[in-house]
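Position chain B relative to chain A; hints supplied.
There are 2 protein chains.
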Amino acid sequence: MPESPIIAIDAMGGDIGPEVTVAAAGRILKQRQDVKLILVGLEDKIKAELSRLNLQTSDRLMIHHASELVGMAEAPALALRKKKDSSMRVAINLVNEGKANAAVSAGNTGALMATAKFVYKTLPGIDRPAIMTTLPNTKGHTHMLDLGANVDSSAESLFQFAVMGSVTASAVDNVENPRVGLLNVGAESMKGNAQVKAAEPLLQNSDLNYIGFVEGDDIYNGSVDVVVCDGFVGNVSLKSAEGVAKMIGHFMKQEFKRNLLTKVIGLIAMPVLKSFKQRVDHRRYNGASLLGLKQIIIKSHGGADEYAFGNAINVAILEAEKSVPQCIESHLGDLLQNK
Amino acid sequence: MPESPIIAIDAMGGDIGPEVTVAAAGRILKQRQDVKLILVGLEDKIKAELSRLNLQTSDRLMIHHASELVGMAEAPALALRKKKDSSMRVAINLVNEGKANAAVSAGNTGALMATAKFVYKTLPGIDRPAIMTTLPNTKGHTHMLDLGANVDSSAESLFQFAVMGSVTASAVDNVENPRVGLLNVGAESMKGNAQVKAAEPLLQNSDLNYIGFVEGDDIYNGSVDVVVCDGFVGNVSLKSAEGVAKMIGHFMKQEFKRNLLTKVIGLIAMPVLKSFKQRVDHRRYNGASLLGLKQIIIKSHGGADEYAFGNAINVAILEAEKSVPQCIESHLGDLLQNK
Chain A
5 MPESPIIAID AMGGDIGPEV TVAAAGRILK QRQDVKLILV GLEDKIKAEL SRLNLQTSDR
65 LMIHHASELV GMAEAPALAL RKKKDSSMRV AINLVNEGKA NAAVSAGNTG ALMATAKFVY
125 KTLPGIDRPA IMTTLPNTKG HTHMLDLGAN VDSSAESLFQ FAVMGSVTAS AVDNVENPRV
185 GLLNVGAESM KGNAQVKAAE PLLQNSDLNY IGFVEGDDIY NGSVDVVVCD GFVGNVSLKS
245 AEGVAKMIGH FMKQEFKRNL LTKVIGLIAM PVLKSFKQRV DHRRYNGASL LGLKQIIIKS
305 HGGADEYAFG NAINVAILEA EKSVPQCIES HLGDLLQNK
Chain B
5 MPESPIIAID AMGGDIGPEV TVAAAGRILK QRQDVKLILV GLEDKIKAEL SRLNLQTSDR
65 LMIHHASELV GMAEAPALAL RKKKDSSMRV AINLVNEGKA NAAVSAGNTG ALMATAKFVY
125 KTLPGIDRPA IMTTLPNTKG HTHMLDLGAN VDSSAESLFQ FAVMGSVTAS AVDNVENPRV
185 GLLNVGAESM KGNAQVKAAE PLLQNSDLNY IGFVEGDDIY NGSVDVVVCD GFVGNVSLKS
245 AEGVAKMIGH FMKQEFKRNL LTKVIGLIAM PVLKSFKQRV DHRRYNGASL LGLKQIIIKS
305 HGGADEYAFG NAINVAILEA EKSVPQCIES HLGDLLQNK
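Order-wise, the sequence lines are chains A and B. Under the numbering used here, the letters of the first sequence match residues 5 to 343, in that order. Under the numbering used here, the letters of the second sequence match residues 5 to 343, in that order.
So here's chain A without its partners, still in its complex pose:
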């Protein structure tokens, strides 16, 4: 465990950039006396933002200049080849050079994945890295992967996702044997597509706490800790859930705004509605990990605000404290030896 984790922040990434990232860095430094942050990007812009926020650089809040930016719509391959001094690339380089323990970016997802994979390299025994995120459930939270790094995942890939997810969940949640489930369309063994059917025996014969097939609703009911799926399925599942949650919020607002009486009722109910809103606030779960690489990279939503981006920084801190890639590597080492 690093004594005081150093996090490299792509200060220019995201839909908004330094206005969000620098403010989030300031917020986290106040909360956590034991971490150091490096703001990577255009020095002038970062300094301007610091002064606007009355923040000073220190040995806990550093600036590392990077002259280029990766656009949110830029082709990943081009960004990787041409933007060698981008804030994203330099933040990742700092981790690779041992000057930071983890990097965080709200930038272009494709470019971030390609760059991190290229610079960090994949862990031995991992064919393809996977995106994992944390989602709320009625009893706590669920980890889910892959959320879109891969489509058409093989059974072997699904098995590797399960190992990475289990090891990471165990490390960050301090849980011995997290329950791992394979996302399927029914709990019976005859159900499922070809990949899922082929992955089932690999999981059954592993040392994971594999609890069998789970269904979409299990993600949110607290019956499983790590949900494993192909990236296509995971992405659709996540966005469907986001869509229905947004619709429910929309309907609730409409009902409370229907007429003068319902508006008054809304005012009276405000404290309850507020604490309800906090519980379902998706910003609390911002910060997805690209697992399977030799170092830590956390992807924030592009549209994250200060609070949400701060949570992505917190995910980076936690994974750095727990040395997640080293945990995965050591578990994979055992698996590869036993093969």
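These are calculated hints, taken from the structure and not from any lab test. Remember, it's a predicted structure, so these values are computed and weren't measured experimentally. Wrong hints could be hidden among the right ones.
Any copy will do: because identical chains look the same in the list, a pair fits if it lies in one copy or spans two.
Computed cross-link-like contacts, DSSO-like style, restricted to lysine-lysine with a CA-CA straight-line distance of at most 27 Å [to be verified]:
(1) Lys143 <-> Lys257
(2) Lys267 <-> Lys281
(3) Lys34 <-> Lys281
(4) Lys51 <-> Lys326
(5) Lys195 <-> Lys121
(6) Lys86 <-> Lys125
(7) Lys195 <-> Lys250
Just chain B now, kept in the frame of chain A:
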């Protein structure tokens, strides 16, 4: 259009059976003076239920005896082979013999699909039938298919689902050219798994109002009328949405029950919460269609109550009025001729 649609109801199907199905039939008959219902199942049980509800048989409410039951956990192939006088099978037979225009069942999904496919037969030009349901969105509703009849669907199957979905949506919603979208993990053409990429040109070159790729959240935001996907993906998407909706409801209840003050606020807010609850009530959308067969079969949730099962009967009435299978057949005829 049949003058007064006759619906055959599997009165024994579902987790509860006649207590729900007979009551729902009574409710629908009161609402709709122009329909006739046939309750299929054990005559004694149905009669007992009718008398409990003070209902009489008439030329609008008939009983058709069937001596056997299909269990909710029974193997579909066995049910198909051995239970030739089951309430499910007989209801489907009545439609096939022209004695009813559509059948409804809350019974064993696998057995229902196998039996309907065997008795009705698949329409020419359709490789595999698909399950379609209606889901709420912020502006109205969305139709989505397939929801689990198929996994590993080919591009050609996805195209057939699109045709069936478009024709059905057009018929039941009285809409000229419903917007059809293909469910994917991003809107860019380079994204997607192999099936989706192969299906895209088939849809682009069709006469459907194909609007391109849509994502999971689009199902609920009103930007598309018919969402097409593989049954594995569709089932996960639907159950993920159900799961998150349930979790949100659970959190809301908890917040309003936190202490005496919040309970009082909950009482004050009750009328608003009630009308909100009505809007997100999934029972309103009960009743999925198995499309691609020569006749109409509607599948109700097994756990449906009287109100929910009544809505499944309404879906059957609507599809019978619009002669949905004939609409699909005629559209497919044009397509096959143009090949």
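A quick look at each hint next to the structure:
1. Lys143 <-> Lys257: both (26 Å within a copy, 14 Å between copies)
2. Lys267 <-> Lys281: both (17 Å within a copy, 17 Å between copies)
3. Lys34 <-> Lys281: So Lys34 and Lys281 pass the 27 Å test inside one copy only (25 Å; across, 41 Å).
4. Lys51 <-> Lys326: neither (32 Å within a copy, 67 Å between copies)
5. Lys195 <-> Lys121: Cα proximity of Lys195 and Lys121: across copies only (19 Å, versus 34 Å in one copy).
6. Lys86 <-> Lys125: within (19 Å within a copy, 58 Å between copies)
7. Lys195 <-> Lys250: between (31 Å within a copy, 24 Å between copies)
Figure legend: structure checked against the earlier numbered hints; the only hint not met is number 4.
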